[in-house]
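Engineer: Residue numbers (my numbering), protein chains in the order written: chain B, 1 to 127; chain D, 1 to 208.
By construction, these hints were calculated from the structure, which means they are not laboratory data.
Please note: incorrect hints may appear among the correct ones.
[Claimed, not checked] So these bits of chain D aren't anywhere near chain B, every CB distance computed over 10 angstroms:
(1) R18
(2) D39
(3) K108
(4) A112
(5) Y128
(6) A134
(7) A138
(8) S147
(9) G167
(10) A183
(11) R189
(12) H207
[To be verified] Among chain D residues calculated to face chain B with C-beta under 7 angstroms, some are:
(13) H14
(14) L15
(15) E19
(16) G20
(17) I63
(18) L107
(19) D111
(20) D174
(21) I181
For glycine and all other residues, C-beta sits at the position ideal for the given N, C-alpha and C.
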Amino acid sequence: MSTSPSRRIRVLVVEPHPVVRRGLVALLNRHSDIEVIGESFDCADAARLTRDLLPDVITIDAGLAARETAATLGAIRASNADAHILLMCTLARETTVETLLGSDIAAYCWKDADDGEIAAAIRRSAD
Amino acid sequence: MDQSPIRLLVVDDHLIVREGLVSILNRQPGMIVAATAGDGRDAVEKYFDISPDVVLMDLNLPIMDGWASMAAIRARDPNARIVAISSFGGDQDIQRALRSGASGYLLKDSDAEEIVAAVRSVNKGLRYVSPEPAAALAAGIAYEPLSARECQVLELVARGHSNKEIGAALALSDSTVKWHITAILSKLRVDDRTAAVTLAIERGILHL
Numbered sequence: 001m002s003t004s005p006s007r008r009i010r011v012l013v014v015e016p017h018p019v020v021r022r023g024l025v026a027l028l029n030r031h032s033d034i035e036v037i038g039e040s041f042d043c044a045d046a047a048r049l050t051r052d053l054l055p056d057v058i059t060i061d062a063g064l065a066a067r068e069t070a071a072t073l074g075a076i077r078a079s080n081a082d083a084h085i086l087l088m089c090t091l092a093r094e095t096t097v098e099t100l101l102g103s104d105i106a107a108y109c110w111k112d113a114d115d116g117e118i119a120a121a122i123r124r125s126a127d
Numbered sequence: 001m002d003q004s005p006i007r008l009l010v011v012d013d014h015l016i017v018r019e020g021l022v023s024i025l026n027r028q029p030g031m032i033v034a035a036t037a038g039d040g041r042d043a044v045e046k047y048f049d050i051s052p053d054v055v056l057m058d059l060n061l062p063i064m065d066g067w068a069s070m071a072a073i074r075a076r077d078p079n080a081r082i083v084a085i086s087s088f089g090g091d092q093d094i095q096r097a098l099r100s101g102a103s104g105y106l107l108k109d110s111d112a113e114e115i116v117a118a119v120r121s122v123n124k125g126l127r128y129v130s131p132e133p134a135a136a137l138a139a140g141i142a143y144e145p146l147s148a149r150e151c152q153v154l155e156l157v158a159r160g161h162s163n164k165e166i167g168a169a170l171a172l173s174d175s176t177v178k179w180h181i182t183a184i185l186s187k188l189r190v191d192d193r194t195a196a197v198t199l200a201i202e203r204g205i206l207h208l
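Just chain D, same shape as in the assembly (with noise of 0.2 angstroms):
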């Protein structure tokens, strides 16, 4: 009964939203917001501010991203405990966020049930992945990763250069560029490019 509350930083750019999450967290027991931020740097700031229990954060942030932020945090405080929440689904934005230092990770569209089961799981140590995501996390792994070398052939595909222009920017020979290409359709198990591309921006490979 007397446990002292879980304090939370709530971190989101957009205005609404972290009035979303302060209000749902604030009406919970055994619950406090102790401060929200509005960008990456700022929640690292925060975080030394005010040492909080559980760290709810976005990804898509402005200054600092969210997972330049959750790495910046665990570098000085390995033991800090994040929750990602995002409108990101892709399993590499999962990956990575997971990578970077969150031991939660969200969707956007969670209902306030599930955002609760997050926090109260995260602060006792737990992982907590929601069932979306997860999912996602459990098809990825059936992929073999791209390259560093081949997620900026891919960019360039992307933004609509031909292979010899890819060749230039990256100083390649087109022969190079075309088994570069030959490699990503391969690993991501498409037939053409445009197909690569919509399967990238999905994964969050890529983001344009």
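Pulled out of the complex, with its shape left as it was, chain B reads as follows (with noise of 0.2 angstroms):
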């Protein structure tokens, strides 16, 4: 890591729908500053990955992230308090996002975001 001298960014997709999954990493790959390090389905194991791989920017579903307790969601901040949570809206309903923004997750990115608005929230997320 240390070689290289303009760092990708380091992502960790954490999302139920394999569909969604598969097109999130599919489309984060495509950029050349950009690398999804890990997959994950839950935040369980989310948790655990960002512990082992550090990522950057953790993407999660909003779904899964209203479902889940703050202890769920603190215990991934508490794995790596450097890395940044980017909210993916995609199946989700709408009400879901306004009762997530503030707590410890600031950026969210919608479901009809195109291939390069996502990509650039994942740059903002990672600042």
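These two chains come separately, so use the hints to put the complex back together.
Structural biologist: Listed below in structure tokens is the structure:
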């Protein structure tokens, strides 16, 4: 890692829906400055992967985040305080986002975002 | 071994979902995504451009919805093989899709294995409804369907209108509106208007 002059943004994708997960990974891997280093179905696994892989950005499905307790989301944060969480609203209802913003999560990305907007949201989160 | 691959048209307005479906299907041996479309009208055009073996079609689409798009495709090609894939799980959504020409029905949270199984079945000319929508269909059969007029009344109820306002909007007397509402509650087997609206949305009778 230290040998690379411009390090890529390392992303962990936490997404319970297989179709959305595959789509997100396919889209992100097309950007040369972004690298998906791990994928997870649920938050418990995500906390372990965050600790082991040290991602820069963690994308979490809004519906999944809404179902999890603050403690579970806190565990992900505690696994790596430097990681930034990006909420992905893909199949989730619009109302779930409102309840989550303002907690530990600052950024979100809407489901009808295009390729460039999704990558931009990742880059913004990593800053 | 030398069989030609199943050529697919993937239709979804959301890029992430479309990419996910393409990635899943293209990784399968014997399957290839020949084209994608982002709305229902585009889907009809692409269908007749490339003549795919199977279409994977979202229902909630801009410009022309998935039900109308399937009907347009089947009107010109009655043998078109279409799998509907939607986040709508209400029995009325599923029934409408099957009536519009879908041979298969999947929910959007399906895994790769299920999507591939549906495509293979429908490609063989079989029907494929995954367990959750199948259960919703089975439960929905027990209900007597609402008439077109009852659906109109219920939609106005859902929008918060009083009986008097509904009567004015549909040019019906107060007692006729009441009579329709009684029939709606009885057919949906609920006790009040709120429960009727909730159930109607859940079953896909209403989309607000």
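Engineer: Confirm or reject each hint.
Structural biologist: Results for each hint:
For D/R18, the condition that its CB be more than 10 angstroms from all CB atoms of chain B is violated, with the nearest at approximately 7 angstroms. Chain B leaves D/D39 outside its interface by the beta-carbon criterion, the shortest separation being 12 angstroms against a cut-off of 10 angstroms. With 10 angstroms as the threshold on Cβ separation, the claim that D/K108 sits away from chain B is violated: the shortest Cβ distance comes to roughly 6 angstroms. For D/A112, the non-interface assignment is contradicted: its Cβ lies about 6 angstroms from the closest Cβ of chain B, within the 10 angstroms cut-off.
Residue placement check: D/Y128 keeps its beta carbon more than 10 angstroms from all beta carbons of chain B (closest about 17 angstroms). The beta carbon of D/A134 is kept farther than 10 angstroms from every beta carbon of chain B, the shortest such distance being approximately 19 angstroms. At roughly 24 angstroms from the closest C-beta of chain B, the C-beta of D/A138 stays outside 10 angstroms, upholding its exclusion from the interface. Against chain B, the non-interface label of D/S147 holds: every CB pair exceeds 10 angstroms, the least being about 30 angstroms.
The claim that D/G167 lies off the interface holds: its Cβ sits roughly 33 angstroms from the closest Cβ of chain B, which is beyond the 10 angstroms cut-off. The non-interface label for D/A183 is consistent with chain B: the shortest C-beta to C-beta separation is roughly 31 angstroms, beyond 10 angstroms. Every Cβ of chain B is farther than 10 angstroms from the Cβ of D/R189; the closest lies at roughly 27 angstroms, confirming the non-interface assignment. No beta-carbon of chain B comes within 10 angstroms of the beta-carbon of D/H207; the shortest separation is about 14 angstroms.
For D/H14, the suggested interface contact is upheld, since its CB lies about 6 angstroms from the closest CB of chain B, less than 7 angstroms. At a threshold of 7 angstroms, the smallest CB-CB gap from D/L15 to chain B is about 6 angstroms, leaving the interface hint in force. Among the interface hints, the one on D/E19 holds; its C-beta lies about 4 angstroms from the nearest C-beta in chain B, closer than the 7 angstroms criterion. A cut of 7 angstroms between beta carbons decides the hint on D/G20: the least distance to chain B is about 3 angstroms, and the hint holds.
With a cut of 7 angstroms, the hint placing D/I63 at the interface with chain B is violated, because the nearest CB-to-CB distance is about 14 angstroms. A hinted interface residue such as D/L107 counts as satisfied when its beta carbon comes closer than 7 angstroms to some beta carbon of chain B; here the least separation is about 10 angstroms, so the hint is violated. Checking D/D111 against chain B by beta carbon gives a least distance of about 5 angstroms; that is within 7 angstroms, so the hint holds. Taken as an interface hint, D/D174 does not check out: its beta carbon lies about 36 angstroms from the nearest beta carbon of chain B, beyond 7 angstroms.
Taking 7 angstroms as the C-beta cut-off, the interface hint given for D/I181 is violated, the closest approach to chain B being about 29 angstroms.
Going down the numbered hints, you'll see the structure goes against 1, 3, 4, 17, 18, 20 and 21, while the others check out.
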